[in-house]
Every structure is written in C-alpha cells, then in structure tokens.
Amino acid sequence: MSAPMIYQKITKMIVILLIFLCAPWLVLSNTSEEEIGEFFKSGHTNNWAVLVDTSRFWFNYRHVANVLSIYRSVKRLGIPDSHIILMVADDMACNPRNPRPATVFNNANQHINVYGDDVEVDYRGYEVTVENFIRVLTGRLPPSTPRSKHLLSDERSNILVYMTGHGGDGFLKFQDAEEVSNVELADAFEQMWQKRRYHELFFMVDTCQAQSMFQRFYSPNILAVASSHVGEDSLSHHVDPALGVYVIDRYTFYALEFLEKAKPGSKKTMGQFLKVCPKYQCISTVAVRTDLFQRDPNQVLLTDFFGSVRNVEILLNTLALPNITLTSDTCSKSSCGNEEVSSRSLKYADQFPMPV
Amino acid sequence: MGLLTDPKQRQKIILAITKYNQLLCVLCYVGGFLWFLALAYQPLNASTYFSENALLPGLVDYQFYADSDVISYNDQLTAEMKKSDKKVPKDWIFRKFQDLGLDTYYHNFSLNYPFGMPKDKSIPGQNIYAILRAKRAASTEAVVMSVPLRLPSVTSDEQTSGGIAVMLALAKHFRKQTYWAKDILFVLTEYDEIGMQAWLDGYHQTRSEYIHSENLPATSGSIQAAINLEIPSEKFHSYNLKLEGLNGQLPNLDLSNLLVRICGKEQAKVTLNKRSDAPNLDEFEGFQHSLITMLHMMWNQASGTPTGNHGLFHRYHIEALTLQGVKETRTRRSFGVENTARLVEGVFRSLNNLLERFHQSFFFYILPSTRRYVSIGLYMPPFGVMIAASLIKISF
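The listed protein sequences derive, respectively, from chains Z and Y. For the first sequence, counting from 1, position 341 maps to 341 in UniProt numbering; every step adds exactly one. For the second sequence, counting from 1, position 301 maps to 301 in UniProt numbering; every step adds exactly one.
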C-alpha cells in the first residue's frame, strides 16, 4: 500500500474513536430537555378539592374550624375557589352563642380567623346531605345547579377529598339524622373512576374510627389517610376558654402545622405528610392506605394534591430550539442573535400572598 | 317438659312455696330492704357523668369581674330592708331592674286559702319579673333565674336578699353580652311557692284550684331550665343543692352534675341535704354517711312537698333546682355574693349551649353523694323483691 492510503485509514480510525469518545458528551448536553420531560411524569394537569364538614351544632365548632383551616391551606397553596367544593353543615360564625360573631378560629390564640371575608361555601347548612355529597362526586347533578356547585374534574385531575365530623365503624354521620357508609363511598369513587373523573385521589378523613371509611375502596389511584384506627377515637386538641368550645382536632392540628410550612413551590412529599402526627401526638394511631396508589408516596409532591402548581421551572441557560418556521429572509444572524442571559436570580412568586 | 309447664314440677314448687310461705316472705322483705340499703355502698353504685354533650360544662372562662357591683347592690338592698320590717322593698327592686333597661313587670295573683280564716276572703300577692331578650336569637327559648322574696323579719338562715343582689348584678352583666341564645327571665316571687305557682300558671296559662293569677303581660319562649337562688346577704360557707320537687319529682341528673361541676371549678363546698360527701366512701363510715344522705333525700321525696320554689317547675317538664347558701359553725373558707354571681354566670353560660331540653340523663335516681348516683335500674330490683314478699303472701 502506498503511504497516503495508510495515512487515510489511520485518520479514519482516529475520527471514529473520537466520535465514540465524544458521544457521551453529546448525550449529556440534552439533560435540560430531559429535565423538562421529568415534570410531566405526575400525569395530572389540574387540581380539585372537595372539603366536607358534616356536623352541626355549637359543640361541634371544631369540625367547622378543621375544614375551614384545610380550605385556607389549600387556597394558599394555589387551588382557586372555582376548583374547591366547600361543604359546611352549620354556621358557627353567625351562631348566637359565638362570643366573637362572624369569626371562626382554629387556635386558642385567636390569631387567624379562618372564616374571613372571602370564604366561599358552596354547600351550606341543610344542603350538606349524603345525597348532595354523592351527587357532587359522581357528577349527577341537575343541569340547573350553578357551576360553582359542580365538581368539573376530568381524567387528568388530582382530587383531594377531606371529610370531618362524627364517625363510627363503617359510617360517617351527616347532620344529625343520616350517615354515609364506607361501601357507598367506595362505590362513589368507583363510579368516578369509571367515568374518568379523576387521575389520582387523596382521601383524608378525621373522625372517630376513621380507618373504616377507606377499608372498602377498590378503585385504583387512591391514596388514603385516616386519623384513627377502627376501635379508636380521634381526639380534639384544645379548648379555647374564651369561646368555651374545643377549637380543633388533633390530627388536623398537626397536619396544618405541616402544611403551614409548605409553600407553593415546596418539594415536600406525600410520604412525609403521611407520617404526620405519630401516636404520642395524636394519641390515636394514624392509618394509611397505599396499596391502590401506583406511585411511591415518597416520590409524590405534596403540591400534587394540596396545591395547584403549574409545572414551571426557571432555567438560567438558554435552549437552542430548532428554528423551523423562520427563513433566512426574515432573520439574519445579526437580528436574531442570542439574547444575553440575565444574571439576576429568579424565584417563584407566591400565587396568593397571604399575611404571615 | 319445662319447669313451669310440667304439672308435677309445678305442684312441687307450689308445695314448697306454701310450706315455707312465712319464711320466704320475711326473707324477701328483709333481703330486699338490706339490698336497698347496701346500694349506698360505693362499689355498688355508679359515678356521675355528663350525658348531654352540648352542655360543655365549665369550659368557658368566667367573664364576671364586677364584684363591686354585686357587693354594692347587696349593701343597698340590706339598707332598704332595714327600713321596714313587714314589707319587702318591691318598688326599689322594680326600679332597679327598670334602670338596667330590662322589660320589668308586676304580676298580680290572689290566694283563696281553704283551711284558714277568713274562708271567703282572698289574699292578694304580687310577683316581679324581668325579661332580658337575647340579642341575636329569636326568643324561642328561655332560662329562668328566680329568688323567693322573704320578709326582712325572717331568721338569717331563711334570708334570700343576697340572691336578689346576685340577680341584679348578673342582669347588668348579661345585658351587655351578645352570646345569649335564649332569653333570661328574672323572677321574684312573693309567698315562696305560692307566688311561683301563680307565675307559672300565668306563663303557661294553666289554672290552679286555689290560686288565681292574671295572665302575664309579657312572656318569652319555652323555658328550658330554672335556677332558684336562696342566698343570704352575709357570708356563708357552703352551697346546698335542693333537688326534690312536688310529689317527689326530680330534675334531670345532668343539671345537678352541672352545678356540682361548676361549684368544683369555683372550689366551693357543695352539699346535698346539708351533708357534704364523705371523704372515705369505700369504708364503713363513708357508707353510713352516704346511706343517711340517701335516706334524707328519700324522706324529702316521700313527703311530697317541694323543698324549694324549683319543685313547681317539674310539672311543666322544666328542669329546676335550688342553690342555697348555708352558714356553718366551723370556720371554713367563706363565700359571698360575688362567688355566687360567678358560679351562676358559669351555670348560665353552660345552659346557653343547650340545644334541646334536658333529656339524656336520668330523671329517676337517688343520690348518696354529689358524685355518685343510684339509678332506677339499680333501686327497682330490691324494691321488686320487697313487693314479691306481699305477692307470695297473697297468692299462696
């Protein structure tokens, strides 16, 4: 062989070797695009919340305070009123026995009025019945019902269902004269699944013997937590001696403590939330059901259920997107040059700036 | 064949009962009687508890700080009562209630006393009552605070003018609050139970045989509970609870428990029939003490007369009891009208939380002490055994 041919072969081999060595670098330069792909793995596009308080009468003040506190947290983390169905069975704020009219407090310090000026109760007083609750969940409401009373979820909605009141083994008492059984609730959730009304559902219940309420679930993608096991009572947390009533329940109190530390961009996981309120704090044992849920709760963000976080990540580097529409006529190198990257630090703005 | 359907077995039983008839009767009677007495022994009876969840007794802090008000009313009233020995200062009391801004009324009634002289003349009487309307509620329900008006010449144990001072001071305090869900009726009755019956007749528009009362000029809703106060104007040492009503009827046990709990919160000594709880209930001494308390209560019930004005409310299904201030000779921590005002405020705050009439707890019970009770389920069986003695006697 002649010398130039050997030289050509060697250069070819060197180029091939170099390509093999540089390939990993080429792949790694695509990581930022992969990161974008990561954020759509949770699979949901919108969030709904159904918050129900089922007891009436002045001595059940704490149940109203429970549900209103969760309502405040959920609103603070981003779910708008149009996506929250709030059912409150009695009007504590305007009860003649309330020494502080037009307020509902969840703490003996009376710092936060969870009732406030902007609470939007969708089902109030005697409208909170088992029939209305099941109709809201399954969507079988008469067409004349106002839009704010519908649960307009679709197959990519994550729904938070929170229920509080008086319960027993296998049932939850509504108002004073009726009850919803765990079988009925499980069937309602199955109807929702069949009609593709949820993507994932988080069921939270704070009553006595709460575990019984989720024992009969059989639809997929449900994560459930209850404040007590069957045979245990859930206890209230403390009395406000100025009002003369118990103002909040233990499980909800510690759950709120956890939620208050979360911000809309929080990276806290559902796994951490499920561990809230160990036995020495709650006195009852918190029960959890994860077998119907397909993801690992430790990988699920808290805001997947409690907030309404749009999947936005602020990148500091620019991405070269393929230029498919612009032709060389309209854009020359001088006019469509790369913008300078601003070097100020960017942070996520609070969607609902709340007073501390 | 069964024990009673088999004729041979039946004959055997009948023969046995006939043979030992006397013995069985005596045994049943004595056994039943002893069983009944044994019920005062602590392990055999039950501890009191609250059945009505809505009461939330003692949970709210007291807000009555106007001790000076009640003491000044007390002093003023004592001075008024000194002016005349034969008359109760009704006009003064009426004016005081009116000055507070409450709807105050006189209620006239007359009594035809059937046994005394003169037979055809009727004795006139006059009650005073004031209504405090609840600001944010619809006046569908009410609670009553009542005091019997007694002449200034009665002995110091029978005096009730401290109660009137408490009533005035509490009326002044309650009027400023917005958290009342029921109207409060302040009632002052002349001639004790007679005036009370006349007032109740006027309120519910019923008739009594010997008492003629006019219809009340103004009423409120249905009465849920009534507290009668017999508090003297001087300092006293314990609160006596009087429960027994007309024909032995009793108020709901929850009301008694409420008073005991609120008195405990105020660290006041509370007694039943002027006997406090024995400290050693499971020993023989304690048992004896409880037994005598229990028998006192039964004695009062057996007499059929109410022990206080509260006894007349029971016929209208209104739970009522009397709180009496009792002086004792042994020096103890003493209480005055200011303590009573706080106590009664606590009771009324708790009664305010009620949504329905008292219906959860027992109506038939006897109390060996303030914190133990014997329910009808416990005292009926020994009574049944005693009756069985007479049944055996008459049937065999």
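These are calculated hints, taken from the structure and not from any lab test. Please read these numbers as outputs of a predicted model, since none were measured by experiment. Accuracy of the hints is not assured; some may be wrong.
Said to hold, decoys possible - Which bits of chain Z does chain Y cover? Going by a derived footprint, with three or more residues having C-beta under 8 Å, they are:
| id | stretch |
| --- | --- |
| 1 | 48–59 |
| 2 | 96–110 |
| 3 | 237–244 |
Said to hold, decoys possible - What the simulated footprint calls covered on chain Y by chain Z, stretch by stretch (three residues with Cβ under 8 Å from a Cβ of chain Z suffice, anywhere in the stretch; the number is not a length):
| id | stretch |
| --- | --- |
| 4 | 51–57 |
| 5 | 170–180 |
| 6 | 305–319 |
In this text, a Cβ means the ideal position worked out from N, Cα and C, and glycines have one as well.
For each hint, the structure was consulted:
Judged by the Cβ-Cβ criterion of 8 Å, the stretch 48–59 of chain Z is covered by chain Y as claimed, because 3 of its residues qualify and three suffice. Closer than 8 Å: that is the beta-carbon criterion, and the stretch 96–110 of chain Z has 5 residues meeting it against chain Y, so the requirement of 3 holds. For the stretch 237–244 of chain Z, the proposed coverage by chain Y is satisfied: 5 residues have a C-beta within less than 8 Å of a C-beta in that chain, meeting the threshold of three. Coverage of the stretch 51–57 of chain Y by chain Z holds in this model, with 3 residues showing a Cβ closer than 8 Å to a Cβ of that chain against a need of three.
Given a C-beta distance limit of less than 8 Å, the hint that chain Z covers the stretch 170–180 of chain Y holds, as 4 residues qualify and 3 suffice. Note: the stretch 305–319 of chain Y has 0 residues with beta-carbon separation from chain Z under 8 Å; the three-residue rule is not met and the coverage is violated.
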